[in-house]
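Sequence lines, in order, name chains A and B.
Letter 107 of the first sequence, counting from 1, is numbered 107 in the working numbering, and no numbers are missing.
Letter 189 of the second sequence, counting from 1, is numbered 189 in the working numbering, and no numbers are missing.
There may be inaccurate statements among the hints.
As the list claims (entries may be wrong) - With a straight-line Cα cutoff of 35 Å, these simulated DSBU-like cross-link-like pairs (lysine-lysine) come out:
{"id": "1", "chain 1": "A", "residue 1": "Lys201", "chain 2": "B", "residue 2": "Lys194"}
{"id": "2", "chain 1": "B", "residue 1": "Lys201", "chain 2": "A", "residue 2": "Lys201"}
{"id": "3", "chain 1": "B", "residue 1": "Lys25", "chain 2": "A", "residue 2": "Lys201"}
{"id": "4", "chain 1": "A", "residue 1": "Lys187", "chain 2": "B", "residue 2": "Lys194"}
{"id": "5", "chain 1": "B", "residue 1": "Lys107", "chain 2": "B", "residue 2": "Lys221"}
{"id": "6", "chain 1": "B", "residue 1": "Lys78", "chain 2": "A", "residue 2": "Lys201"}
{"id": "7", "chain 1": "A", "residue 1": "Lys218", "chain 2": "A", "residue 2": "Lys107"}
Keep in mind the hints are simulated off the structure, nothing from the lab.
Protein chains: 2
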Amino acid sequence: MEVKKVPIVKSILSANDQVSYTNQKLLDQKGIFSINIMASPGAGKTSFILQTIKILSVNRKIGVIEGDTAPVTIDSDKMTAVGIPSVQINTGGDCHLDAMMIDEALKQLDLAKLDLIIVENVGNLICPAAFKLGTHMNVLIASVPEGDDKPYKYPAMYRGVDVLILNKIDLLPYVTFNQDYFLQGVKMLNPNLKTFLVSCKTGEGISVWTDWLAEHLKAKKK
Amino acid sequence: MEVKKVPIVKSILSANDQVSYTNQKLLDQKGIFSINIMASPGAGKTSFILQTIKILSVNRKIGVIEGDTAPVTIDSDKMTAVGIPSVQINTGGDCHLDAMMIDEALKQLDLAKLDLIIVENVGNLICPAAFKLGTHMNVLIASVPEGDDKPYKYPAMYRGVDVLILNKIDLLPYVTFNQDYFLQGVKMLNPNLKTFLVSCKTGEGISVWTDWLAEHLKAKKK
Chain A
1 MEVKKVPIVK SILSANDQVS YTNQKLLDQK GIFSINIMAS PGAGKTSFIL
51 QTIKILSVNR KIGVIEGDTA PVTIDSDKMT AVGIPSVQIN TGGDCHLDAM
101 MIDEALKQLD LAKLDLIIVE NVGNLICPAA FKLGTHMNVL IASVPEGDDK
151 PYKYPAMYRG VDVLILNKID LLPYVTFNQD YFLQGVKMLN PNLKTFLVSC
201 KTGEGISVWT DWLAEHLKAK KK
Chain B
1 MEVKKVPIVK SILSANDQVS YTNQKLLDQK GIFSINIMAS PGAGKTSFIL
51 QTIKILSVNR KIGVIEGDTA PVTIDSDKMT AVGIPSVQIN TGGDCHLDAM
101 MIDEALKQLD LAKLDLIIVE NVGNLICPAA FKLGTHMNVL IASVPEGDDK
151 PYKYPAMYRG VDVLILNKID LLPYVTFNQD YFLQGVKMLN PNLKTFLVSC
201 KTGEGISVWT DWLAEHLKAK KK
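So here's chain A without its partners, still in its complex pose:
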């Protein structure tokens, strides 16, 4: 019953892929590394970005692009409050960011003054997986209270990312979450997925991630 939609989706994806390519080319020319953060609603994307900024902005010039389905500025206001330049994208109800939206957002940032851009995608475990943005690294944030079965239920998302963050590990004592079952599901889909266990609330594990990212950025520069 989905057949009728296939040709349409294909043409959108193809246009999206083209713009995604030019986005990455522009970022490369400017020497900017970029990260696309995806997660279900409330997994802690904004808190994770704020924690990352707190450590990395000492040595890096960071900008943020915030995606939401509604015309709100809750997340970009949080970035502005800590002195980080940010652009808010309202998708107008759409369930994901796309490369054209990022193209528009990049025009509103002073790229000469940045060396890292973090994109916060719309809260959704399905749609964002299908749309490349032109970013260099796809990061998925899972969270403990979401449950340990998510890799099995949202395989496309887990398959397509470069880094996995398991957030809210401070809640492990209070919820049923079988870490082995979760990680087994992840391994099945994405065997070498770089994985970090963190709590954005307590800060646990954050520096392991930022140290790794800093090393990764250094290696890219060489």
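Given the structure of chain A, go ahead and fit chain B onto it with the hints provided.
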């Protein structure tokens, strides 16, 4: 940049609305009440359905339709384990159920033997809001660890539902969740939304919901 998609979405919605109408007509003829449960991934849809069944299946003949984006039977297996007839729909990556999928699923249930059908939609706070299924009641499950800003960020979903369940209230002592801010956002979008506070883990508040639903079903029969 979204203009090109409008005519397509419109035609899909129109076909969907027609099938949604015939689904509800069929359910009415059979004297079956039906509920569409929506939520973000991991808010507790399956646990909520299991808790509801535990109480209501004493007096009601219940069937369940499970929607997932991947070919898994994790949720429908849980229903079968408690003796509830269930149908699993694999959307093939699509981010929501639609009326055509429900039409197919209803053919696989023995409708003469049921008086309540619970549909578990795909875990997503955006797409399912736009697709009527033909069910009689739309229920949204929010969960405490998702955060108190979700009504502000996903207004279409909060605006379109008849009942709101705030789940995982057992986690209130361990997370930052301003209940007033959350409920204020809900009220702004959907002023008279019937709201229940529950914990599917401890069972707290579940009987308040099932008592209300049982009364609602009785009133419908009159």
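- Contradicted hints - numbers only: Hints 3, 4 not satisfied by this model.
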